[in-house]
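> For the protein sequence lines, the chains are A and B, in the order given. The numbering of the first sequence is the numbering used here, which starts it at 77 and goes up by one. The numbering of the second sequence is the numbering used here, which starts it at 922 and goes up by one.
Read the hints as simulated data drawn from the structure, not as lab findings. Watch out, some of these pointers could steer you wrong.
What the hints assert, rightly or not - As a list, the in silico DSSO-like pairs of lysine-lysine whose alpha-carbon atoms are at most 30 angstroms apart:
hint, chain 1, residue 1, chain 2, residue 2
1, B, K1299, B, K1328
2, B, K1359, B, K1342
3, B, K1288, B, K1342
4, B, K1267, B, K976
5, B, K1299, B, K1258
6, A, K187, B, K1288
7, B, K1324, A, K144
8, B, K1359, B, K1282
9, A, K144, B, K1299
10, B, K1288, B, K1328
11, B, K1324, B, K1299
12, A, K187, B, K1324
13, B, K1324, B, K1258
14, B, K1258, A, K187
15, A, K144, A, K324
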Amino acid sequence: MTPLLQITNLRASIDDREILKGIDLTVNPGEVHAIMGPNGSGKSTLASVLAGREDYTVTGGSVLFQGKELLELSPEERSREGLFLAFQYPVEIPGVSTANFVKTAVNEVRKHRGEEPLEPAAFLALMRERMALVEMDPSFLQRSLNEGFSGGEKKRNEIFQMAMLDPVVAVLDETDSGLDIDALRIVASGVNALRRPNNATVVITHYQRLLDHIVPDFVHVLWNGRIVRSGDKSLALELEQRGYDWLKQEASVEA
Amino acid sequence: MSQHALVELVQNLVPAHAGGDVSMGGHGRLSALRQDGLREFVRMGIPTTRHEEWKYTNVFPFIGLDYSYAPMRWDASSASAPAVVSAAEVRDALGQHISIRVLNGIVSVDAPQLPAGLEVIELTPELVESDAGVAAALSAGAPMHANPFVALNTALLESGIVIRLAKGLALELPIHVSIETTSGQQPMLVAPRILVIAHEGAEADIIQSHHASGPSIVLDATVVEFSVAAAANVRYHKIADDSESARSISSVTADVHRDASFTSHALSVGGRFVRNDLAVRLCEPSSQGFLYGVSLLAENEYTDNHTVVDHMLPHCHSEELYKGIYDGTSSGVFNGKIYVRPQAQKTTAYQSNHTLLLSPKAQVQAKPQLEIWADDVKCSHGATMGQVNDEAIFYFRSRGIDKDMAKALLTYAFITEVVEKITLDGLRELLTHRIARKLSAESLLF
């Protein structure tokens, strides 16, 4: 079985400062991985590097996405191949409607797969169906993308886009930040509804509470640019009780 | 210093004698006005970049050419005028409309039957002599003493177009004035003069477009004057989407009276040199002015928008929104003056001007100028200048949309806010398509 995502000794820096110092992670079909860790440990950097944000320089290692070297692809190619990043801070785009944006994105992905663009009526029906997954009102389709959306609406819109693009691997970058408990439940149930045996989800989060709703198969703790501990969902509960300090100390001793 | 060739040309075209009764073969008001125009043009001369109003607008690369002049002649047999240049795209987009064409300076009116209450007539010495309203509107409107090209136009004023809307006429069909000029081996000068008189409560849409063709430069010094009577509502659209040979310097003025409204759309989607002077005078209480502008420029194109909104009396309202997108080595100017005179209490005046620079070599000069002499007013202005947001581009790319398409979509989005202000559906769609085409973003039209 080819892993969907195989990260080997990944190193990356920004402004000559090394943030990722050798990450190893393998994600197989059907799995949910949670990546936890204190602020500044490199969680969002990992998400950004996977998505291809150009502010970061990859200084070593490799990332195989379904057996193909991901780091050689542009951000748009990664998306078309089936990688999805749910943004921690979705960007507000005045003047571009949510419908136009999603339609353009979906048709680019379809073109990449050699498929015809969807007919407008079929497309609208699909959008309405997928919006229902995250309890989004269809009126959002005509509104400018994320403009004036609340924190919860922006995150639901991210999951709606994920549902439309139907990715192979979805990376959720602190999707729980800024969500109240109802929005958290809605977002999580949307993500769960999209789980299938042939795709996978990587959830990046500070807190255990999202993992009550999206139950991970594996939990990894990132600290100082490395994964210092991996375990099952009980690791997240342990972190919730004990904090990160004990792990930092252990990691320092090992280093 | 030797006399400038253009000044000499104009001098030779204006008859020396003035005064006398027109009906007796004399020269009357219009002739006197032309003499004033000539005198002012000679006095001011060609503006250099030392002139504050022309600081960034250098006319010298083309102003010294050896121009021939195509006078405005009136062609009574409207249907027979040949289509020198096709302005067909604009006409098709407008659907049913009233067409006035100025073909190498010859005016023809193409409408099987004008609606009752609408007059499209020739501006003749006889009309100016006999019609006090026309005479008053002519001398009150354009700033002949301040703008050399208005003075030039006035000096050459032999004939022009008067569009008159009767009291209460709500014109359903838009009026399209297309100024189509073909040069030969010699550069050509045209100076169309258009006077629009909207009587009380009248309502109309006017579209003006310029189309130059031929091997040599066409210098187009159009002057348009609007007199908008009480409770009238006039919407004016100037499309500049012209060929490499066009040099357009136009002056538009509007006097807006009680409870009346004047809206201007300056739509520049192409042109080697476009200078738009627009002055809106809110000269009676509760009048309104809306000024919108789009400049979408690439390569070596140039557009200069100089606007003035003059709040003369209380309770008037103005809104101004200009957006510009500059690619290649294109450049532009936005100079927006707002005067609020001492009597003009309870004025509301808002101006904003936003610029997107797509290339490191593109340039824009933005200058808001507010002079407020009354104390109980609400006025604001804002100007921004920037590049396409990198964070937004990355967001698009992370959804499978490549960089060029992301840039086009974001640029298109930037300008649609202004295009959507156009209430004529056909014209708005034409502009939308034209903009998408220019941005290579046709795929974004749904």
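> Does each hint fit the structure? Answer for all of them.
Hints, one by one, checked against the model:
no.	hint	in the structure
1	K1299(B) to K1328(B)	violated, 36 angstroms
2	K1359(B) to K1342(B)	holds, 20 angstroms
3	K1288(B) to K1342(B)	holds, 23 angstroms
4	K1267(B) to K976(B)	violated, 33 angstroms
5	K1299(B) to K1258(B)	holds, 15 angstroms
6	K187(A) to K1288(B)	violated, 46 angstroms
7	K1324(B) to K144(A)	holds, 22 angstroms
8	K1359(B) to K1282(B)	holds, 18 angstroms
9	K144(A) to K1299(B)	violated, 61 angstroms
10	K1288(B) to K1328(B)	holds, 27 angstroms
11	K1324(B) to K1299(B)	violated, 42 angstroms
12	K187(A) to K1324(B)	holds, 16 angstroms
13	K1324(B) to K1258(B)	violated, 38 angstroms
14	K1258(B) to K187(A)	violated, 50 angstroms
15	K144(A) to K324(A)	violated, 34 angstroms
Violation of the numbered hints given earlier is confined to hints 1, 4, 6, 9, 11, 13, 14 and 15; the remaining hints are satisfied by the structure.
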